[in-house]
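Make a model of the complete structure from these sequences and hints.
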Amino acid sequence: GENVEQHPSTLSVQEGDSAVIKCTYSDSASNYFPWYKQELGKGPQLIIDIRSNVGEKKDQRIAVTLNKTAKHFSLHITETQPEDSAVYFCAALLTSGTYKYIFGTGTRLKVLA
Amino acid sequence: DAGITQSPRHKVTETGTPVTLRCHQTENHRYMYWYRQDPGHGLRLIHYSYGVKDTDKGEVSDGYSVSRSKTEDFLLTLESATSSQTSVYFCAISDQSGVRNIQYFGAGTRLSVL
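Just so you know, the protein sequences line up as chains A and B, in that order. Heads up, the first sequence stops at 113 in the working numbering, and the numbers go up one at a time, no gaps. Heads up, the second sequence stops at 114 in the working numbering, and the numbers go up one at a time, no gaps.
Hint data in this document are derived by calculation from the structure and do not stem from the laboratory. All values derive from a computational prediction rather than experimental measurement. Some hints here could point you the wrong way.
[Said to hold, decoys possible] Distance condition first, Cα-Cα at most 27 Å in a straight line; then the derived BS3-like pairs of lysine-lysine: (1) Lys37(A) - Lys11(B); (2) Lys100(A) - Lys57(B); (3) Lys57(B) - Lys71(A).
What follows is the structure, given as structure tokens:
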């Protein structure tokens with residue numbers, strides 16, 4: 001079946017440094033790739049998304065890049081702050097007759113003050 | 001949480017008992033989803049609905065059933081709960097009209113099956 005691989009599973013960075021989380025998807029028909037942040041005890045919240053007709057998208061300290069040929073997409077967080085500490089999930093939308101999302105297994109980001 | 005209410009938020013039950021979780025939305029979105037979240041597995045799709053009375057299975061549907069009799073409500077039923085169904089359950093909604101693919105999540109239901 002279709003899947004999304006996410007790496008690393010845990011990531012620790014010093015405050016102010018950058019963090020990068022990478023995902024690889026298998027369904028070449030996928031055309032929408034969201035990233036979610038999940039804080040303890042809460043549901044996932046969308047932080048940024050990208051469509052397949054765009055290579056990069058930025059929103060303040062967060063950016064996402066997409067390489068359709070390699071079926072890779074990445075989340076970049078610059079100038080990390082303690083409040084960025086959370087679990088991050090990537091996902092890919094399957095559009096072949098359904099609107100199902102396949103999620104990565106998550107990355108626990110710790111920003112050390 | 002984008003007009004999504006999950007109930008109950010916490011439940012403890014015994015093996016073999018039936019359990020129903022409810023998801024209620026006020027956004028009038030066509031698509032509704034049930035996921036379970038377990039350590040090391042991320043979010044896995046149990047069932048989803050693409051309209052009233054229209055549902056389909058996800059990757060981990062065994063032991064679960066769903067019903068959607070109204071646009072705003074999506075119920076997840078564990079017919080006979082097992083310890084392996086101890087998990088955190090999330091409901092999500094999405095419009096999926098045109099380019100509106102964003103999926104919004106509820107706050108979750110923590111279920112413990114003893």
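Evaluation of the provided hints:
Using a Cα cut-off of 27 Å, the hinted pair Lys37(A) and Lys11(B) holds, with the two alpha carbons roughly 25 Å apart. For the given pair, Lys100(A) sits about 10 Å from Lys57(B) by alpha-carbon distance, which is consistent with the 27 Å threshold. Pair hint Lys57(B) plus Lys71(A) holds up; C-alpha atoms about 26 Å apart against a cutoff of 27 Å.
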